[in-house]
Amino acid sequence: MAPITGRRGGKGESPFTRVLTTVLLAVFLMYSLLPIFYLVISSTKDTTDLFTSFGLWFASFNLPENLRATFTRDGGVFWNWLWNTAYYSVCSAVGAAFISTIAGYAFAKYRFPGRIPVFAVILGSIMVPQTALVIPTYLLLSKIGLIDTPLAVILPSLVSPFGVYLMRVYAEQSVPDDLLNAARVDGAGEIRIFWSVALRVLMPGFVTVLLLQFVATWNNYFLPLVVLSTPELYPLSVGLVSWNELASAGGGAQPLYPLVITGALVSVIPIMITFLFLQRYWQGGLTFGSLKD
Amino acid sequence: MAVEQGNQAGAAPPEVKPPGRAARNRRLRRVVIPYLFLLPFLVLFFVFLVLPLAYALGISVFESQLVGGTVFVGADNYLRAIGDPDFLGGVVRMLKFGAFQVPIMLGLALLLALVLDSGVVWFRTFFRLGFFLPYAVPSVVAALVWGYLYGPDFGPFAQLAERLGLPAPDFLSDSLVLGSIANIVTWEFTGYNMIILYAALQAVPSELRDAGAVDGARGWQVAWYIKIPLILPALFLTAVFSIIGTFQLFNEAQILQPQAPGSISDSFTPNLYAYSLAFTNQQYEYSAAISFAIGAVVVVCSYVFMLVTNRREVGE
Chain A
1 MAPITGRRGG
11 KGESPFTRVL
21 TTVLLAVFLM
31 YSLLPIFYLV
41 ISSTKDTTDL
51 FTSFGLWFAS
61 FNLPENLRAT
71 FTRDGGVFWN
81 WLWNTAYYSV
91 CSAVGAAFIS
101 TIAGYAFAKY
111 RFPGRIPVFA
121 VILGSIMVPQ
131 TALVIPTYLL
141 LSKIGLIDTP
151 LAVILPSLVS
161 PFGVYLMRVY
171 AEQSVPDDLL
181 NAARVDGAGE
191 IRIFWSVALR
201 VLMPGFVTVL
211 LLQFVATWNN
221 YFLPLVVLST
231 PELYPLSVGL
241 VSWNELASAG
251 GGAQPLYPLV
261 ITGALVSVIP
271 IMITFLFLQR
281 YWQGGLTFGS
291 LKD
Chain B
294 MAVEQGNQAG
304 AAPPEVKPPG
314 RAARNRRLRR
324 VVIPYLFLLP
334 FLVLFFVFLV
344 LPLAYALGIS
354 VFESQLVGGT
364 VFVGADNYLR
374 AIGDPDFLGG
384 VVRMLKFGAF
394 QVPIMLGLAL
404 LLALVLDSGV
414 VWFRTFFRLG
424 FFLPYAVPSV
434 VAALVWGYLY
444 GPDFGPFAQL
454 AERLGLPAPD
464 FLSDSLVLGS
474 IANIVTWEFT
484 GYNMIILYAA
494 LQAVPSELRD
504 AGAVDGARGW
514 QVAWYIKIPL
524 ILPALFLTAV
534 FSIIGTFQLF
544 NEAQILQPQA
554 PGSISDSFTP
564 NLYAYSLAFT
574 NQQYEYSAAI
584 SFAIGAVVVV
594 CSYVFMLVTN
604 RREVGE
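If you read the sequences in order, they're chains A and B. To convert, note that position 132 of the first sequence is 132 in the working numbering; the numbers rise steadily by one, no gaps. To convert, note that position 45 of the second sequence is 338 in the working numbering; the numbers rise steadily by one, no gaps.
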């Protein structure tokens, strides 16, 4: 899982090829950055400027006012959404990473009866679309009275079959049997071996699953949309869309568009920082499964 | 294997253990300990994956009626789904969507990955990060922002067209809306797929590429004859995940719907249909049947794709 670095310089190619390919990439980069650029520009505009000034350049600078309006609207419910999103994401990420790590470790390092069929079932479930589970989960949770509670978002997010797969591959490749056996000779129990020997080696994989699940929960929309109905419990995704629907319903007359845009910008920043600073880990996670044949 | 070695090592400790204890330890290590580690996952897996599916299957064979309460209807809900133009329309729309969006996205991702990998470019790290950035944007925000960009009121494309004296393009019209949603999905996931393919390319042994170069192969020939065949497993993985994603399309369509109620119906995608059946029409049983059918369609499609490509990396 070392950071991916370039190795070759492509020396043999002509300067013309080099310019051409760089231009090609630059065009696609503009496409990739356009919506983000638009979001940043728009967050500085008031309602009038949004409708009248050119969308891809600045007009009067109204960002502080937009931020104030975003955080105070509806009694400051945006603070709730921000907090809820962080709370749901951290709980889901830590829980899912831990649960996946111990499960993956068990699959990788023990030969127990039922190991192969149980793993096959978990692997097959990666193909079951998460969204097809949302409505059944809603129906089930409403039977047991968990609907419209934080647990309705967090508990289903703790199940990550892909995380188990990832941790199994990771444990197989990174935890040497000799290390475990040495600890056994020293008389350490299996659980202690995991805690004090294996977990340390598994940490990079643990962080990868943690990040993937953190991002997945931070970005999740369908599940919280369905299982939550109290606005104070919404995460940012559901809250922002509810504002956007209000804005559209008002035919654009509602001064809500700048709030949706500013709120969207605020909701993107933490996740982008996470990505840029911890790219070593998510890259490891995204690529790990595909590299193993 | 690991466990056998462990037992042999453990059977020769400094102090001699009674054999009964060793046997108990072995059983503990073989069965109890691994299942203890698996327990939290298996419990949650059962409660939040197996049980909802079983429950959906269970209630989907019932129907609530105004008179007589809930009655057993067997496969009626499924037969209804098979003959339901709204459901079938959504499935066909997703097939159409997948047939052009997935190849375009993966083609772009592969092209970008090959260019970055070839080294024939400046600012490589900068580009790689820039391409990946959209993946860090929540799909809700992506849909909202693209919705504004598409907008006929204050969308910059409409503004540009107006300034040029052209009619404003209606990105959310009946004929363009599927393409517009495909663009959002492509924007979100091209970079993600590129990273997977790029990493696979970086793992291609350098002797292989150098051999091609020594033989006088041009850059694109090395790519086509050496690199692409070697990264087929990764390409295959991205294709399966993209197909699974296609059938789950919900956020983008549901978020753009208030903006384009005419062209995005309640049954635009199968998931949107299941959602509106449950929460607008209170037809929970039928909605559960649709959800279950979506899951089945996805699993079958992914499986067929795997058979067709004859590669089974995802299975063990």
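In case anyone wonders, no lab produced these hints; they're calculated from the structure. Quick caveat: nothing in here was measured; it's all calculated off a predicted structure. Fair warning: there could be bad hints in the mix.
[Said to hold, decoys possible] Computed, partial: chain B to chain A, Cβ under 7 angstroms:
id : residue
1  : V336
2  : Q541
3  : A581
4  : C594
Just so it is clear, CB atoms sit at the ideal spot from N, CA and C, and this is done for glycine as well.
Check your understanding: Are B:C594 and chain A close enough, Cβ to Cβ, to be under 7 angstroms, as the hint says?
Key -> Where the cut-off is 7 angstroms and the nearest Cβ of chain A is about 9 angstroms from B:C594, the hint is violated.
**Study point:** Status of the B:V336 interface restraint (C-beta, 7 angstroms, chain A)
**Key:** violated (9 angstroms)
Minimum Cβ distance from B:Q541 to chain A below 7 angstroms?
holds (4 angstroms)
Next item in the hint list is B:A581. Is there a CB on chain A closer than 7 angstroms to its CB? holds (6 angstroms)
Checked against the numbered hints above, the structure breaks hints 1, 4 and satisfies the rest.
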